[in-house]
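Peer 1: Sequence:
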Amino acid sequence: MARSTLRNSRPAWGRVVVIMPTFNEIDSLARVAGNLLELVPGVDLLVVDDSSPDGTGALADRIAADNPRAHVLHRTERQGLGPAYLAGFAWARQAGYDVVVEMDADGSHPAETLPAMLDALGADPRPGLVIGSRWIPGGSVVNWPRSRLLLSRTANLYARIALGMPTRDITAGYRAYPTDVATAISSDVSSHGYSFQIEMALRVFDLGLPIVEVPIVFREREEGSSKMSASIVREAMIGVTRWGLARRLGGRSRGTARVRASRS
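Quick note: the sequence shown uses the numbering used here, first residue 18, plus one each step.
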């Protein structure tokens with residue numbers, strides 16, 4: 018697909034689906050899904066559940082049975098954040114959605130900010146990615162310990178320097194893509210954890226498409242437990258280092274180069 022087509026053929030909003038991966042989110046899903054569907058009536062919801070043993074998938078089915086704008090994609094095993102979003106992107110493309118939104122099921126991402134993010138996606142020139150950002154003026158984080166704040170800021174600073182990107186919140190998980198962009202750049206993404214977000218943003222950047230950040234107030238989850246782990250952090254650090262070294266040694270990451278070639 019030519020870059021000019023990606024820039025010029027999209028509607029400002031079009032059909033929008035929020036993709037919400039879940040694994041053991043039974044305590045928060047009903048509240049978060051209900052809040053989204055009430056506050057942003059122009060969007061649909063797709064819950065992608067990785068066979069949660071706590072019954073989250075069954076709860077998602079009940080939500081979908083009560084609201085025609087809600088849908089559920091059941092997966093047979095837990096494979097991580099990246100594969101869950103890839104499955105959601107494929108579902109959205111097949112269903113004819115113009116925009117895909119990534120949103121956590123724990124309540125940390127404010128639904129009331131989504132209209133502003135979608136408005137930004139309709140700007141000229143058209144962005145390839147809009148991020149709900151914690152680390153730009155107007156953005157903030159509520160109820161994080163100092164250690165978590167330091168980890169997030171340090172990770173974003175390291176990624177910006179290593180990759181040569183100006184994006185302030187490259188690890189953010191609240192984001193909106195045109196569906197054609199998301200599916201085109203994700204065909205061979207290898208990341209599973211939060212490095213998936215970094216890899217996807219890097220690919221948008223290397224396509225020359227704008228990345229826009231919209232400030233959000235990020236609130237730490239009130240129910241359930243965080244999925245952050247040492248292995249997720251390690252995967253992200255290794256990935257950023259590898260991609261950064263590849264760029265300094267005369268090219269972009271191998272995956273990004275293939276995406277560029279396949280869309281020229």
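Honestly, the hints are just simulated from the structure, not real lab data.
A few of these clues could be false.
Claimed, not checked - Distance windows between CB atoms, simulated:
| hint | residue 1 | residue 2 | range |
| --- | --- | --- | --- |
| 1 | Leu-167 | Gln-111 | 36 to 46 Å |
| 2 | Gly-59 | Pro-154 | 24 to 34 Å |
| 3 | Leu-174 | Ala-75 | 36 to 46 Å |
| 4 | Pro-85 | Gly-225 | 14 to 24 Å |
| 5 | Pro-70 | Ala-133 | 28 to 38 Å |
These numbers were taken from a predicted model, which means no experiment stands behind them.
Idealized CB from N, CA, C, for every residue including glycine.
Peer 1: The structure should be examined with respect to each hint, and the outcome stated for every one.
Peer 2: Tested hints:
Separation of Leu-167 from Gln-111 is about 42 Å and conforms to the stated range, judged on CB atoms against 36 to 46 Å. Taking the beta carbon of each, Gly-59 and Pro-154 are about 27 Å apart, inside 24 to 34 Å as hinted. With their beta carbons about 42 Å apart, Leu-174 and Ala-75 fall inside the hinted range of 36 to 46 Å. Checked against the hint of 14 to 24 Å, the pair Pro-85 and Gly-225 fails, with Cβ atoms roughly 38 Å apart.
Evaluation of the 28 to 38 Å hint for Pro-70 and Ala-133 yields a pass: the beta carbon distance comes to about 36 Å.
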